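Chemist: Kindly produce the complete structure, drawing on both the sequences and the hints.
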Amino acid sequence: MGLNRRNFFKLLGVSGMTLAVGKTANAASTENATVEFYGILYDSTRCKGCRGCEYDCADAHGFPEPLPAKDIPAIRTTNETCNTVVNRYKTSKGEVFIKRQCMHCNEPACVAACLTQAMHKTKMGPVTWDGDKCMGCRYCMVSCPFDSPKFEFHSPNPKIQKCDMCFERLKTGESPACAFNCPNEALLYGKRRDLLKEARRRIYEKPDVYLDQVYGEHAAGGTGWLYLSPVPFNELGLNNSLQQSSYPALTTGFLYSVPSIFVLVPAFLMGIYQATKNNTPNGKEEDE
Amino acid sequence: MNSSYQIGQEQDGKAIWKFLISELKPKGKFLTPFNIISIPIMLLGLVLIVIRFWKGIGAITNLTQEVPWGLWIGFDVVTGVAFAGGAYVLTFMVYILNMHKYHSIVRVTVLNGFLAYVFYAGALLLDLGRPWHVINPIIGNSFGTSSVLFLVAWHFLLYMIAELIEFSPAIAEWLGARKARKILSGMTIAAVIFGITLSTLHQSGLGALYLMAKDKIHPLWYSEFIPVMFFVSSIFAGLSMVIFEGSISHRVFFRQISEKNQQAQHGIVLGLARICAGAMFAYFFLQLLVFIHGQNWHLLNTPMGLWFLLEMLGFVMLPMILFYVSYRTGNIRLVKIAAILAMLGVILNRLNVTVIGFRWEMAIRYVPSWMELVVTLAVIFTEIWISDG
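Sequence order for the protein chains is H and D.
The first sequence begins at 1 in this note's numbering and counts up by one.
The second sequence begins at 1001 in this note's numbering and counts up by one.
Some hints could be false.
[Stated by the list, open to error] Short, incomplete list of chain D residues facing chain H, as computed with Cβ under 8 Å: (1) R1130; (2) S1142; (3) L1151.
[Said to hold, decoys possible] Calculated lysine to any residue pairs in the SDA-like style (CA-CA distance at most 20 Å, straight line): (4) D:K1214 x H:Q243; (5) D:K1214 x H:D147; (6) H:K277 x D:L1048; (7) H:K70 x H:V85; (8) H:K48 x H:P73; (9) H:K159 x D:T1188; (10) H:K159 x H:H61; (11) H:K93 x H:G237; (12) D:K1055 x D:S1038; (13) H:K277 x D:K1101; (14) H:K93 x H:K206; (15) H:K277 x D:Y1102; (16) H:K159 x D:N1098; (17) H:K159 x D:E1066; (18) H:K90 x H:N79; (19) H:K277 x H:V265; (20) H:K277 x D:K1182; (21) H:K277 x D:N1098; (22) H:K277 x D:T1188; (23) D:K1214 x H:L238; (24) D:K1214 x H:S245; (25) H:K159 x D:I1051; (26) D:K1214 x H:G253; (27) D:K1055 x H:N79; (28) D:K1214 x H:S241; (29) H:K90 x H:G237; (30) D:K1214 x H:R76; (31) H:K70 x H:R88; (32) D:K1336 x D:A1264; (33) H:K277 x D:L1097; (34) H:K48 x H:E235; (35) H:K48 x H:K70; (36) D:K1101 x D:I1332; (37) H:K48 x H:S92; (38) H:K48 x H:P68; (39) H:K159 x D:K1055; (40) H:K159 x D:L1124.
Derived by calculation from the structure, the hints in this document are not laboratory data.
These numbers were taken from a predicted model, which means no experiment stands behind them.
Just so it is clear, CB atoms sit at the ideal spot from N, CA and C, and this is done for glycine as well.
Modeler: Okay, here's the thing in structure tokens:
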């Protein structure tokens, strides 16, 4: 379903461009409707907060090693040298850990925002960034409802950093470093459809342990990362009031109007011009 | 200053632009108060720009991961483009509606609009982290066609070309190329229609950029009608700028309008005041409708709500009334006051959407650094230098 809407978007943009500047971009959407996204299910009841995933992530992406627990605050955000953090929250049901990183939305706002296709939703599901295309405008950061893309503000050759779900590893058939190494099986990598089933199974089997909600199933139109928790998600710093539909849909109306404006406005202006051009009071046509 | 003059006199092929600049240079003193203030700021701005490309954007700005766009986008680009809207409104009035009264100011406005766009595009380059890839959305296979920014980028480029064509008969005239002038004049109407259409879309497109930042902008300023608001407000923003420029840069104005036509100039200013009043009424009414539909009454009695009321009443309704009264009474001074208030209102509105109301709930707010301000001022001063001398 998500894919269909994306295709629609592409078609829309292409037709808009064709009308707008007379250039045809290739509508090479060969994705077929049966493509399934992969994702990761995070079960906060299983996470012991060892932060091993932070170390594995830093290792897999060549980032500096994370600081030991005694040197860090309980609540952190990801940044340009750290793609994932595990935060500790004191909640109504005791201490709960939560891992944060890019959510890999089904219909990512950052991808819709990107004017160079540097941000790309791969067919497997991860949202990746291409430094050869990016011009560093940071519109992805403005648009992302989760604030996932991070920018190297202190580099003359800045990159956008965010979790890429270890796309290089996925291509060779491996699973993401964090999910592969998690000692508590709090992270489960697989097809998003299967992960949702698994999440529902866990909630069904232990209704007293889990909150009856899978965060990411609907938030922002559905995300690749899915979360299970014993407490309401806003107690864990996750925004539970995000819209359920996709963020790119917010600009559909505007983009949709572009082709019609490009046809109607010039026609309208030509009409007025023709109607008024003989109104010249003293017959002077030239400038000055 | 002097060097460009010499190049202009050399008349080599690519010197058209320099020639144009030298034609517009004032033949006055060098040490004016404006120069004494602007030259040090421009030099300091240049140093800061070097630091920015050497150490990264974070070295001179206060931008954060949560607030990635600050003053340079919110003021230089978003507000600046609104003020450049006078060009499309005037070309519409003169070339499409055949309102000959305004013919004398249309050229200088288009030139100012063109220069403004050149400088905003330049300011945009400063804000790009990887500016060497700026041509990617124009060439190659990297068309991000689902992006509003893609649309805006293309429109900036095409609009600059359209404005150049609109202005080119004047260049051909100065160069004495009569045949070229005739051809270019013939293209004017097409360029005008194209330019107005592009303006409709990119003025609103700048607002549409913020549509996906739904959870980040204060609800009093966020609505799905931001694009419409930006478009309507660009009409009186641009015309207020034309009135304002006309009142401060007499040199430019007087070259276009001879002194004996003082009366005609007053007629123009009052006519513009009437149009501003009308456009502001439409804008105010739209804002009112959106506010009522948004059901945000409870937000009015908060600091941000009072700030919103100040913008709407003090800098939209008040200048609207002043424009109307000044038109009815023929008071030129009142028109200028109204124009300044309306411009402040547009600055306020654009900054409220892009900077002040953006991430308004965060504990540590983004406040532009003094270096961002200096670079912004340097960009504005350079533009004034080129356009007014």
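Chemist: Indicate, hint by hint, whether the structure satisfies it.
Modeler: Going down the list of hints, with the structure as the test:
The closest approach between the C-beta of R1130 (chain D) and any C-beta of chain H is roughly 4 Å, which is under the 8 Å cut-off, so the hint is satisfied. Of the supplied interface hints, the one on S1142 (chain D) holds, with its beta-carbon coming within about 4 Å of a beta-carbon of chain H, less than 8 Å. About 7 Å separates the beta-carbon of L1151 (chain D) from the nearest beta-carbon of chain H, less than 8 Å, and the hint is met. Using a Cα cut-off of 20 Å, the hinted pair K1214 (chain D) and Q243 (chain H) holds, with the two alpha carbons roughly 9 Å apart.
At most 20 Å may separate the alpha-carbon atoms for a hinted pair to count; K1214 (chain D) and D147 (chain H) meet this at roughly 13 Å. Pair hint K277 (chain H) plus L1048 (chain D) does not hold up; C-alpha atoms about 51 Å apart against a cutoff of 20 Å. This hinted pair checks out: K70 (chain H) and V85 (chain H) have alpha carbons roughly 15 Å apart, not beyond 20 Å. Pair hint K48 (chain H) plus P73 (chain H) holds up; C-alpha atoms about 17 Å apart against a cutoff of 20 Å.
Note on K159 (chain H) and T1188 (chain D): the hinted pairing is violated, with a Cα-Cα distance of about 43 Å set against a maximum of 20 Å. With a C-alpha separation of about 13 Å, the suggested pairing of K159 (chain H) with H61 (chain H) holds against the 20 Å cut-off. At roughly 15 Å between alpha-carbon atoms, K93 (chain H) and G237 (chain H) fall within 20 Å of each other, so this suggested pair holds. For the suggested pair K1055 (chain D) and S1038 (chain D), the alpha carbons sit about 25 Å apart, so the restraint of at most 20 Å is broken.
Proposed proximity of K277 (chain H) and K1101 (chain D) is supported: the alpha carbons are some 14 Å apart, at most 20 Å. For the hint pairing K93 (chain H) with K206 (chain H), the CA-to-CA distance comes to about 15 Å; that is within 20 Å, so the pair holds. Distance hint between K277 (chain H) and Y1102 (chain D) is fulfilled; the C-alpha atoms sit about 15 Å from each other, no more than 20 Å. Restraint check for K159 (chain H) and N1098 (chain D): not satisfied, since their Cα atoms lie roughly 51 Å apart, outside the 20 Å limit.
Proximity of K159 (chain H) to E1066 (chain D) is assessed by CA-CA distance (about 16 Å); at most 20 Å being required, the pair is judged to hold. In summary, the hint linking K90 (chain H) to N79 (chain H) is not supported, as the alpha carbons are separated by about 23 Å, beyond the 20 Å threshold. For the proposed pair K277 (chain H) and V265 (chain H), the alpha carbon gap of about 18 Å is at most 20 Å, so the pair holds. Restraint check for K277 (chain H) and K1182 (chain D): satisfied, since their Cα atoms lie roughly 19 Å apart, inside the 20 Å limit.
A hinted pair counts as satisfied when its Cα atoms are at most 20 Å apart, and K277 (chain H) with N1098 (chain D) qualifies at roughly 6 Å. For a cut-off of 20 Å, the pair hint linking K277 (chain H) to T1188 (chain D) stands: about 14 Å separates their Cα positions. Restraint check: the Cα-Cα separation between K1214 (chain D) and L238 (chain H) comes to about 16 Å, which is no more than 20 Å; the hinted pair holds. Under the criterion of a C-alpha separation no larger than 20 Å, the hint pairing K1214 (chain D) with S245 (chain H) is consistent with the structure, at around 12 Å.
Between the alpha carbons of K159 (chain H) and I1051 (chain D) the distance comes to roughly 18 Å, so the proposed pair stays at or under 20 Å and holds. Restraint check for K1214 (chain D) and G253 (chain H): the C-alpha separation of about 15 Å stays at or below 20 Å, so the hint holds. For a cut-off of 20 Å, the pair hint linking K1055 (chain D) to N79 (chain H) stands: about 18 Å separates their Cα positions. Only pairs whose Cα atoms come within 20 Å are accepted, and K1214 (chain D) paired with S241 (chain H) is accepted, the gap being roughly 11 Å.
As the CA atoms of K90 (chain H) and G237 (chain H) are separated by approximately 11 Å, the hinted pair is consistent with the 20 Å bound. With a C-alpha separation of about 23 Å, the suggested pair K1214 (chain D) and R76 (chain H) falls outside the 20 Å cut-off, and the hint is violated. Taking the CA atoms of K70 (chain H) and R88 (chain H), the gap is about 13 Å. The hint holds against a cut of 20 Å. With a CA separation close to 17 Å, the supplied pair K1336 (chain D) and A1264 (chain D) stays within the 20 Å bound.
About 8 Å separates the Cα atoms of K277 (chain H) and L1097 (chain D), which keeps this hinted pair within 20 Å; it holds. Restraint check: the Cα-Cα separation between K48 (chain H) and E235 (chain H) comes to about 18 Å, which is no more than 20 Å; the hinted pair holds. A distance of roughly 16 Å separates the Cα atoms of K48 (chain H) and K70 (chain H); the hinted pair therefore holds under the 20 Å criterion. Simply put, K1101 (chain D) and I1332 (chain D) have alpha-carbon atoms about 17 Å apart, close enough for the 20 Å limit, and the pair holds.
Between K48 (chain H) and S92 (chain H), the direct Cα distance comes to roughly 17 Å. Compliance with the 20 Å bound is thereby established for this hinted pair. Restraint check for K48 (chain H) and P68 (chain H): the C-alpha separation of about 15 Å stays at or below 20 Å, so the hint holds. Taking the CA atoms of K159 (chain H) and K1055 (chain D), the gap is about 14 Å. The hint holds against a cut of 20 Å. The hinted pair formed by K159 (chain H) and L1124 (chain D) meets the criterion: a straight-line CA distance of about 18 Å does not exceed 20 Å.
Consistency note: the structure conflicts with the earlier hints numbered 6, 9, 12, 16, 18 and 30.
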